[in-house]
Amino acid sequence: MSAAAWSLGQLFAPRAEEVTSTPRLTASRTTSAAPTEAELIDGCLRGSQLAQKQLYEKYAGRMMAVCLRYAQTTFEAEDVLQEGFITVFRTLGSFRRECPLEFWVRRIMVNAALRQHRRNAPLVAVSEGEYPETLASEEFTLSNYNFQELLEMVQELAPRYRMVFNLYAMEGYNHKEIGELLGITEGTSKSQYSRARVILQTKLERLSAPRRHVS
Amino acid sequence: MSANPIDSTTTDKPTGSLEDLFRHHLAEAAVPPRAMVWEQIDNSLLQRQNEQYRRRLTATRWVAAASIAIATLAGTGWWATHDALEHDRADLAAVTHRIEVAEAGQRGQGAGSLNSSASEASSGIAQNAAAPTAVGRVAQSGSTSSAATGYAAIDASASRAMTPAGSAVSVASAGTPGSQNRANASLVAASTAIGGQSSSASRQFNQQAAASTSMAAVVAAGAGKTPAGQSAGQLAGVTTGTSATVGLLATSLNTGIEGLTSSAARNAVAASVASTSATAAGSSFANRQNDATNILNNSHVTEDLALLASRTTALNLADATALPTGFATVEVPADGTPPATPPARKWQFGASYAAGVFNPNINFSRAGGAAEFDYNPALGANSPALSEAAAAEYRNNLRPGFSQRLAVRATRRLGGRLALSTGVELAQSRASSASSLAFVGEQVPDFGQSPGGPMRTTNFRYQTASVPVELRYANPVKRGLSLYGRVGAAVSALLGVRAEVEGIPEATRSYSIAAEGPYRRVLANVRGGVGAQYRPTVGHWTVSLGPMAEIGLVSLNAHPAQNFSSQSRAYSLGLEAGVEFGRAAK
Chain A
1 MSAAAWSLGQ LFAPRAEEVT STPRLTASRT TSAAPTEAEL IDGCLRGSQL
51 AQKQLYEKYA GRMMAVCLRY AQTTFEAEDV LQEGFITVFR TLGSFRRECP
101 LEFWVRRIMV NAALRQHRRN APLVAVSEGE YPETLASEEF TLSNYNFQEL
151 LEMVQELAPR YRMVFNLYAM EGYNHKEIGE LLGITEGTSK SQYSRARVIL
201 QTKLERLSAP RRHVS
Chain G
216 MSANPIDSTT TDKPTGSLED LFRHHLAEAA VPPRAMVWEQ IDNSLLQRQN
266 EQYRRRLTAT RWVAAASIAI ATLAGTGWWA THDALEHDRA DLAAVTHRIE
316 VAEAGQRGQG AGSLNSSASE ASSGIAQNAA APTAVGRVAQ SGSTSSAATG
366 YAAIDASASR AMTPAGSAVS VASAGTPGSQ NRANASLVAA STAIGGQSSS
416 ASRQFNQQAA ASTSMAAVVA AGAGKTPAGQ SAGQLAGVTT GTSATVGLLA
466 TSLNTGIEGL TSSAARNAVA ASVASTSATA AGSSFANRQN DATNILNNSH
516 VTEDLALLAS RTTALNLADA TALPTGFATV EVPADGTPPA TPPARKWQFG
566 ASYAAGVFNP NINFSRAGGA AEFDYNPALG ANSPALSEAA AAEYRNNLRP
616 GFSQRLAVRA TRRLGGRLAL STGVELAQSR ASSASSLAFV GEQVPDFGQS
666 PGGPMRTTNF RYQTASVPVE LRYANPVKRG LSLYGRVGAA VSALLGVRAE
716 VEGIPEATRS YSIAAEGPYR RVLANVRGGV GAQYRPTVGH WTVSLGPMAE
766 IGLVSLNAHP AQNFSSQSRA YSLGLEAGVE FGRAAK
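Line by line, the protein sequences give chains A and G.
One point on numbering: in my numbering, the residue at position 184 of the first sequence is 184, and numbering is uninterrupted.
One point on numbering: in my numbering, the residue at position 237 of the second sequence is 452, and numbering is uninterrupted.
Hints are computed from structural coordinates only; laboratory data are not their basis.
Glycine included, C-beta positions come from ideal geometry on N, C-alpha and C.
Fair warning: there could be bad hints in the mix.
[As the list claims (entries may be wrong)] Some but not every residue of chain A turned toward chain G, in silico, with C-beta under 8 Å: (1) G43; (2) L68; (3) N111; (4) F147.
[Unchecked claim] Here are a few chain G residues that sit away from chain A, every Cβ distance over 10 Å (derived from the structure): (5) F237; (6) L241; (7) P247; (8) S282; (9) K561; (10) P669; (11) P720; (12) A729; (13) H755; (14) L768.
Work out the full structure, taking the sequences as your base and the hints as a guide.
Structure representation (structure tokens):
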């Protein structure tokens, strides 16, 4: 795992307000302090259903967002989420607690998404559409776009482009690692990422054009 | 300059590259999934939990069955050992009782004690049979110097032993000289019969003894002057002879004793004993005669006679002078008490630990087999070829690992240097391999790897429980260092296999004995080993150390494609150290 991925993992660590705002069940509602990550892990290892649900609720939202980026539909993302969490609970004993739990869970979700991609890739035929070969780099105003618009853009990418783009731009893997994960060469990963970037940039420009016109 | 306020504030808004834009909006986003997702996860976890409970229940049953088997083995061993000890104690008590009875009889004085002494002596006779009777007499006479002169000694000593009776006869039967001759003839005949020279001699002895009986009755009726104590002492002498004397003479007279096994001979000796008793006891002759007859007809006597008759003899040697002329010199401890020889235990219990290398030696390849790998939809249309490639990589990179085995066992001596042992063993073995695919004995769903990619090491751990049966060859007597050898076989249950792919914890697979998997759950193997064992001079334990080898009779994989003779089988080599507790053989 590259350093970039690690830093992203730390970046994605749960924020305090998110943890405290996560709804919990029964016992946790009556206690003043939220269970710590270690307590959740220990509870899950003991087979506590309450701890499992607390862990799920703590990370389900962010992991669903991850799954949506890799999947083409919400249903597919939910399948990946379900498979990923089952894997989490099944292999939690092998978690060495050397990194934040969220980073570990996210990695399992990514692997689950890759497995789903492997299963579905031969069955999916996506038209790339008409896009230029290259585009000059451009600065984007972050507030001009919202989550749903950007998510749809990613989901509309061809699966192979979507995978490479997510792994490189979002997870922080380098092209060599992406090549190993997807079974492609490093050059292929680079070219597919470049192609995905051009597609997304074109879509962003197309999306921003009417807004400029309206404004 | 535009008048659009948006344009005027653009420079204040954060901007970034395309990657920054997507990270900003997507990386930290959270989208609550529908509630049904958790319900499905919870349901799956519940099913998995139930499966685990079912596996634990199965494991518990296995452990319970193994515990019962161990308890049964241990109980049987204890019972066998305890029963042998009790038997030895009973024998010892019986012998002690006989000696005490004989001593009491020898101490008997006067006519008042005659009946009881004679009765006890008769009891002693009943337990020691007629042959020791003669032996006892000979022992008292001291004619034990040479077995070669046994016949003569018996004749002479018997005559001397019977001197009081002879005197009594002489005194009492003065008017019947012929009867003394008949009595002497009966003794000679008895000696002849004891010598077992011919059955006719026995018959003659029988006839003569009958005559002697009638004669003795006459003598007893007329006189009865023989000291009762002496007569009782003669009878008691049956058992007062030392065991060594009895042993020696029993050996020397074995042939004669064999002659006594016939009912005619027994009757003859009974009559002889009766006549002797009559000589000493006088009026109680008839009772003692009946007692003696009854004693000799007793089944115990028959058994003892048969027991003695079964002993080997050296009297039929051509050169009788080659026989020993006396007792061998035996070292006696300073305190004079003979060293106690504890009874040997047939069962020994021990434990052993073996460490070595283990190679599962599995060939998962189905090349050349009847069927290819099954189509796996998770791996795509090319899954059989992918699985075959993974199996080949696994086979090429398979490396043996550390193996250790702990065993508790019970060993039963079969006689000589052979012993049979069984018990329970628990073993854990490791091995490793590498594959560019996540191959753990089966092709698991792809974890982002592809054929030809970088190799990832897979570590395997195998846990087995076995019941071995081994034939052991070792010197059960020798103290100090000695050699041993053993061969055997074992039936094993593969309790579990765990496969971990380095770097991909999600690919970890655990196969229990209750679950279907690519590994065979019941195994069989043969094994052997040689080594050295050490048994201390003092103490009842033995330690052993030596190399051992083991090879499976069946392959470790459940569904090999190869025919039986071409299958690859697991094997292990290592050292085994063990300790056993229990007394050595006599």
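Results of checking the hints against the structure:
{"no.": "1", "hint": "G43", "verdict": "violated (13 Å)"}
{"no.": "2", "hint": "L68", "verdict": "holds (6 Å)"}
{"no.": "3", "hint": "N111", "verdict": "holds (6 Å)"}
{"no.": "4", "hint": "F147", "verdict": "holds (5 Å)"}
{"no.": "5", "hint": "F237", "verdict": "violated (6 Å)"}
{"no.": "6", "hint": "L241", "verdict": "violated (6 Å)"}
{"no.": "7", "hint": "P247", "verdict": "violated (5 Å)"}
{"no.": "8", "hint": "S282", "verdict": "holds (26 Å)"}
{"no.": "9", "hint": "K561", "verdict": "holds (48 Å)"}
{"no.": "10", "hint": "P669", "verdict": "violated (6 Å)"}
{"no.": "11", "hint": "P720", "verdict": "violated (4 Å)"}
{"no.": "12", "hint": "A729", "verdict": "holds (17 Å)"}
{"no.": "13", "hint": "H755", "verdict": "holds (46 Å)"}
{"no.": "14", "hint": "L768", "verdict": "holds (35 Å)"}
This entry does not satisfy hints 1, 5, 6, 7, 10 and 11, going by the numbered hints stated previously.
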